[in-house]
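Using the sequences plus the hints, can you model the full thing?
Chains E and F supply the protein sequences, listed in that same order.
Read in order, the letters of the first sequence correspond to residues 282 to 540 in this note's numbering.
Read in order, the letters of the second sequence correspond to residues 35 to 301 in this note's numbering.
Derived by calculation from the structure, the hints in this document are not laboratory data.
For every residue, glycine included, the Cβ atom is placed at its ideal position computed from N, Cα and C.
Check before you lean on any hint, since a few could be wrong.
[What the hints assert, rightly or not] The following label-pair restraints were derived from C-beta to C-beta distances:
1. I247/F to E475/E: 31 to 41 angstroms
2. P416/E to S204/F: 34 to 44 angstroms
3. D357/E to S204/F: 42 to 52 angstroms
4. T142/F to N376/E: 53 to 63 angstroms
5. V385/E to P166/F: 48 to 58 angstroms
6. R90/F to D393/E: 55 to 65 angstroms
[To be verified] Covered by chain F, according to a simulated footprint, are these stretches of chain E (three or more residues, beta-carbon under 8 angstroms):
7. 500 to 509
8. 514 to 526
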Amino acid sequence: MSGPNFSLAGKTILITGAARGLGAAMAHACAAQGAQLCLKDINGEALEATADGLRADRATVRTAAFDLTDFDACTDWVQGIDPIWGLINNAGITNHGHVLDQTVGDYRSIYDLHVFAPFVLAREAGRVMRANQGPQRGRVVSISSIAATHPRPGVGNYASSKAAVAGLTRSLAADFGTDGICANAIAPGYVLTEMNRKILSDEGFVRRIENRTPAARWADPAEIAAPVAFLMSEAASYINGQLIAVDGGMNAFLQSNEG
Amino acid sequence: MKRLEGKVALVTGAGSMKGGMGNGKATAIRLAQEGARICALDLHLAAAEETCKMIRAEGGRAVALAADVTQEDQVQSSITQCLSEFGQIDILQNNVGILKTGGAMDSTVEDWDMLVHVNMKAVFLPTKHVLPHFVDRKGGVVTNISSIAGLRYLGTPYIGYNATKGSIISFTRNLAAEVAPHGIRANAILPGFIDTPMARDITEQNAEDPEAIDWDALDKQRAARIPLGRVGTPWDVANAAVFLASDDASYITGTEITVDGGVSCRV
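Given below as structure tokens:
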């Protein structure tokens with residue numbers, strides 16, 4: 282009887298937004314389990330620095346720098362990689378604003394990156410994964426957000442796009458399931474990342490989030506990356522179509538006062 | 035590298051009916067494979083012993099305990115025994131549950147009371163009595179077995195079972211908020227259609243002629259509804275339990291992990 286297989290040895294995993302923050306943490310978590318990485322970011326210079334750090338730890342890393350909202354470039358990137366075991370849709374941006382101040386363009390640019398690019402990448406990666414041998418053929422993990430179900434004010438384009446990520450995930454699971462490909466999404470709570478630099482500089486906001494999180498702290502990026510690596514592994518072979526909260530209990534908790 | 039080296043897990047319902055492989059038994063074995071020492075608790079000592087024998091055969095450490103987890107004194111003495119054996123508890127895996135058929139109109143009060151009594155006390159009592167120890171240690175993990183039946187009707191009238199499994203989700207969320215300040219995590223696993231002795235037993239009970247059940251045909255019928263195209267195994271549930279018990283899940287609390295091959299995400 283072999284134990285649970287958390288290993289990613291020999292498995293090729295694609296990660297978007299891999300230069301910094303969550304994506305870089307995911308690259309490290311997957312590399313620690315033996316994965317070969319294809320990393321993508323719009324910022325080529327920062328991506329190379331992250332890749333060099335991984336290579337210093339003896340990881341096999343390929344890099345690509347392009348804009349994910351160029352869907353032809355997405356297709357070209359994936360079609361140049363074979364075999365593929367996993368795809369991690371992580372790249373994200375924010376462009377917050379009250380609903381009264383937002384334009385269709387503000388929504389569209391967020392949806393291009395958070396919804397349409399993951400759709401194109403999953404479609405192309407799924408084609409390649411289906412050719413893998415054996416009952417288990419691949420994994421897609423997409424990064425949603427606690428905002429998908431519990432938005433704070435002024436983040437409508439971000440929150441609704443992250444809800445779409447959860448919806449896309451369920452459809453990928455329904456469509457790809459019989460091919461042995463599992464699709465899941467992670468809903469992180471508040472994480473200490475570069476993307477959150479602006480809100481992290483507001484001490485009152487930082488405290489407010491702590492008070493509303495049962496764990497009473499923000500997440501370290503590694504704490505989001507480890508569950509992603511788990512979902513990539515064969516140990517997670519029957520988890521499919523799920524939105525999994527990694528939020529220190531925030532979704533289970535509604536503080537009745539400002540705290 | 036083993037993920038649970040140095041940890042001790044108390045697994046309730048760790049034996050299996052009829053010597054087969056159930057969720058609790060598989061979870062005890064997987065936790066042990068990741069380095070945890072195991073207190074395998076079951077209503078039937080022989081069933082718990084069988085699980086321990088399998089763990090020891092692989093070089094793991096395990097002790098068998100017989101207890102009814104709906105009886106407070108038996109729960110307390112089990113925890114005391116576990117502590118005297120291993121000196122600590124890090125993981126509480128609440129797996130005990132029973133299943134009875136019936137809708138609102140045809141369930142008896144006796145069956146309803148029995149479902150509420152067993153399925154709710156089985157999460158409440160071990161949790162209540164392990165928490166003082168977890169608080170002292172400033173950490174610990176509680177994982178409760180709920181079910182996708184706790185979310186919706188699955189085609190067979192199990193109203194009492196489904197209601198209790200739904201309330202385990204609520205119990206777990208409230209528990210997580212209560213104990214998080216002590217560094218304790220609590221989550222629920224929602225298995226889908228898993229091939230276990232308990233699942234087979236209820237199918238037999240509901241059949242006019244249990245001998246005539248075509249298990250392969252039934253599996254195929256169920257699998258056709260499941261995106262991954264197969265019924266789950268207890269190992270699928272056990273792997274999720276190992277993950278939740280590990281430090282890889284250090285920011286996961288108050289939530290549910292569904293292990294159902296995607297069946298609950300589609301119509």
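Status of the hints after comparison with the structure:
Taken as a hint, the range 31 to 41 angstroms is violated for the pair I247/F and E475/E, whose Cβ atoms sit roughly 57 angstroms apart. Between P416/E and S204/F, the C-beta spacing of about 35 angstroms keeps the proposed range 34 to 44 angstroms intact. Range check, D357/E to S204/F: Cβ separation about 48 angstroms, and the 42 to 52 angstroms hint holds. Under the hint 53 to 63 angstroms, the C-beta atoms of T142/F and N376/E, about 59 angstroms apart, fit the expected range.
At about 56 angstroms, the CB distance of V385/E to P166/F agrees with the hint of 48 to 58 angstroms. Range check, R90/F to D393/E: about 57 angstroms between beta-carbon atoms, so the 55 to 65 angstroms window is met. Coverage of the segment 500 to 509 of chain E by chain F holds. Counting CB-CB distances below 8 angstroms, 6 residues qualify, and the rule asks for three or more. Counting residues of the segment 514 to 526 of chain E whose beta carbon lies closer than 8 angstroms to any beta carbon of chain F gives 10, which meets the minimum of three for the stated coverage.
The structure shown violates just one earlier hint, number 1.
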